[in-house]
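Spelled out, the chains give:
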Amino acid sequence: MGRTIVCRCEDVTVEDLNQAFSEGYRDLESLKRYTGFSTGFCQGKCCTAHAARFLSALKGGDDTVADPIRTRPLLHPTPASHFARAVELLDEESK
Amino acid sequence: MAQGRRIKSPEGNPFERGKQVRFQFEGRSLQGYDHEPLAVALMAAGVRVFGRSLKYHRPRGPVCLHGHCSGCLMRVNGVANIRTCETPCRSGMVVERQTGWPSAGLDFFRAVDLLSGERLDHHGMFTASSVLNRIAGYVVRKLSGLGAPPTADPQTPVPISRFSSDAVVIGAGAAGLSAAKTLSGCGHNVVLLEAEEHRGGRLLDGATQNGWERIRDFKEEIESVAGIEIHVKTPALAVYPGDTLQVVAGNEGKTFWISARRLIVCTGTYEQIPLFENNDLPGIFGPRAMDRLVCGYSVVPAEPVLVVGERDATLRLAGRLRELNVTLAGVVTTRTEGDALTSLKRKNVEIFQDRRIVRALGGKWLDRVELAHRSSEQSDLVLDCRACVVEAPPAPAYELAHHAGCRVSFSSQSGYLVQVNDEGQTTHGQIFAAGHIAGSDSVDAAAQSGERAGLACALSLKDDAQVRRRLESMQKG
Amino acid sequence: MRDRAELVIIGGGIVGLSLAYQLARMGMTDVVVLEQGYLCFGASGRNGGGVRQQWSTEENILLAKQSVRMFRQLSREIGHNIWFRQGGYLFLARNAETAAALEKTVKLQNRMGVGTRIISPAAAARLVAGLHTEGIEACSYNSSDGVLFPWPAVWGMASVARQLGVQINTHTRVTGIDVKGREVVKVVTDRGAVATRRVVNAAGAWSWQIARMAGVELPNKPYRHEILVTEPLKPFLEPMLSDLSNGMYFSQTMRGEILGGISDPDEPSSMETGSSFRFLARMCSSMIRLLPRLSRVKILRQWAGYYDETPDGQPILGRVEPLDGFIQLNGFGGHGFMLAPAIGKIAAEWILRKVDHRIFHTYALSRFKHGETRKENFVIG
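Protein sequence lines correspond, in order, to chains A, B and C.
Position in the first sequence counted from 1, then plus 4, gives you this note's numbering.
Position in the second sequence counted from 1, then plus 33, gives you this note's numbering.
Just so we're aligned: 254 in this note's numbering is position 255 of the third sequence, and the numbers increase by one with no gaps anywhere.
The set of hints was computed from the structure by calculation and includes no laboratory data.
This one's a predicted model, so the numbers in the text were calculated from it and none came from an experiment.
Check each hint, because a few of them may be wrong.
Taking lysine-lysine pairs in the BS3-like style, the calculated list, with each CA pair at most 27 Å apart, reads [claimed, not checked]: (1) C/K353 with C/K64; (2) C/K233 with B/K175; (3) A/K99 with B/K287; (4) B/K88 with C/K233; (5) C/K103 with C/K64; (6) B/K52 with B/K252; (7) C/K233 with B/K397; (8) C/K374 with C/K64; (9) B/K509 with B/K495; (10) B/K41 with B/K252; (11) C/K368 with C/K353; (12) C/K353 with C/K179.
Given the sequences, and given the hints that come with them, work out the whole structure.
This is the structure we're talking about:
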């Protein structure tokens, strides 16, 4: 099946964005949640700008509609074992 | 299986291969080199499908080659979802694909893609009856998940290095290297964090003029000044706001938790693949990914290669590929003039003008590409190619600055840029940004903005008449 | 936006939408819902999707039991798959005192027809491969508790309510409530006003602010609660795990991610939703201690939402003095989502058909004045 993929991690297509927009999800945070772009392993590095351009174009080239979705740590997926020992330091610092 | 082709590594290449090593790939013994990423060794050995996507089970393969996307994930030594493009080959490694049934190469669930029509609505799915809903839930759960949970022994918690610094510079590209050098030259201690194994960012690209020499110069300069602590293969993971900024970074064996008085973010951009039908087919790369593969790692994944783009850097890459005797299917561009184009014509590269890419075709790997006239939706030209380099506006890596509370603004042309003033200061007084995330459009501009941000940052740490004069003269120049 | 309505619901989270959805199904559609952000903006879009019947008070057990029954049918009803998976909930007690409390609540749950069991740490390890049971005294397990995806429940209820005629206005912030004597007359927003005689305050963490606009003081305080999610892996964890010693919980979602959070006794009341390294460190340390095989599992993302907390950990429901038409459905802490189906149904029947229910008495605001509070001991996360 020919598909134009916006988000490769979650297989979100241009049709998915169109459908979500037509169902009334017309801000970037809602589009993200409804279609799932930016929720995959790469956390939006390969799709967020595409989705923002898409939304801006659908709203007549209005770039102000594409306020960034709230970015959250981590920037790269990292094993839990890399943070566990910070608890010892937190305890020391709170003393 | 068509193999990738290894070519001779050009003079001065920072990506030197080490000695030969052998690793296990799904029961086969394959060859790679020390310092060579697994993804590259696998492509050289002819492995094309690295995995399957979660929903439609479409084939996936490496795309960005810079540790950003999810195309090259595999199971390595019993741990799922390892980016093989940033994991060097080591002797005895056990590497497996993790998605698809019975295997990623031949995946029966590809039927989902072929049968599900224009789109598969996962929200409305299995809601016709509550009983069906529960059965479907059971089945779907079995199919979900990227890889199996780790079978390797639990990892001992990694040690944490906690310290303070005058300034942390994130990203050792042209902007970050300039900023770090400038700051330390002004007498401040600096921690420079780089996600990749090599410093240089865009300067590492073979298509960047004199990039490799400039990295060597930088290296000498940076090593000659005291006060810069450089950590490579250590991506910054988060910036937590607070009275002092808390920067968290990590590499394989250590986590860094740094209290930074100032931060200069120089994280560059993520390369994007433009939107056209089947743009996710393995064999489609951005220019910087192909550059890294061929010019850096000296592996041609497949030939002939079609290059699509307008920017000088993309056209120069086509020229570089030609010089390295890579078979080109041609160059598709709307450009009609410029040195880079003239040079391609001189090298007898076929140019397809006024066309754009509308569709890629192929089963598990790219076979051919359909082009249309700029003004038309209908394709009027089909080109055979096994690899395609296609350019899109890059996406600035604004996330870390955004975590910390810096304002970011969007434009369709540039994507999300971190807002900075003339001196590179963001809306957060303690954070500066330089290079492509702050709007630079070339390595030279990035280096300059790095120096400017370095000076302004130094001034904000300690007033100094000489530094102020340098900054003023830069602003005038 | 409509300029008058029979009923205005402030808050387009799961509680407000569940009420709107039930009212619409019962035939009352002259309802306007006001949501300040997008759907899923507040706690309803930020929680872990846990649904359990293991509670320490009769009312909560009752509400939870009814909600589980309703969640089982909800995907079909709203045409949105909420992927409700009843993998069970496993509570872990690390000292004799907590173990005794567990035993007491399990007896109460059993009396109310909820089949929770006390099981040994060894039996728990059979349910969860690799569970580190050292230091665990006792466990309680209920196999019909579970987890779901919160977002589609919100979208689906909103979508059905809209189809039936309810107006849901997103990105609409309430700026004032006009009161005349004992009556509400108007809700004012940044996009115009709605004349109405009845207002429901289902604004979650913002409830105390909304109440103040009508001259009512609520004891509710908002607290940040952080949460994280890992890479998605093939299913390996059936139940939700919850460590009662530190309020940590995590489960595996239908997508395969491990998703969970942890209580922080030092968290001050605030409207903060930023992320902290402190949370990341405490959560990672705690989850690895309980399930060492998570050490190599990669953290993808952390975020935060609110608990709208009352002094006794119980919600505030029903009428408030001296206003007649100002109804409270708030103060749910971290368990509003899981109780929302029952709350919506009971509140709709009460509003539309005047069917009384004990929760409007037990959980009335006036309990704080009269000192008739009974604390819920099983607020987690």
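Status of each hint after checking the structure:
1. C/K353 with C/K64: Roughly 23 Å separates the two Cα atoms, so the pair holds.
2. C/K233 with B/K175: Roughly 7 Å between the alpha carbons, so the hint for C/K233 and B/K175 holds.
3. A/K99 with B/K287: holds, 24 Å
4. B/K88 with C/K233: holds, 14 Å
5. C/K103 with C/K64: Distance of about 18 Å is within 27 Å: holds.
6. B/K52 with B/K252: holds, 24 Å
7. C/K233 with B/K397: Satisfied, since the Cα-Cα distance of roughly 24 Å is no more than 27 Å.
8. C/K374 with C/K64: Status holds; Cα separation ~19 Å.
9. B/K509 with B/K495: holds, 22 Å
10. B/K41 with B/K252: holds, 25 Å
11. C/K368 with C/K353: holds, 25 Å
12. C/K353 with C/K179: Within the cut-off at roughly 24 Å; holds.
Against the hints set out earlier in the document, no violation occurs for any number.
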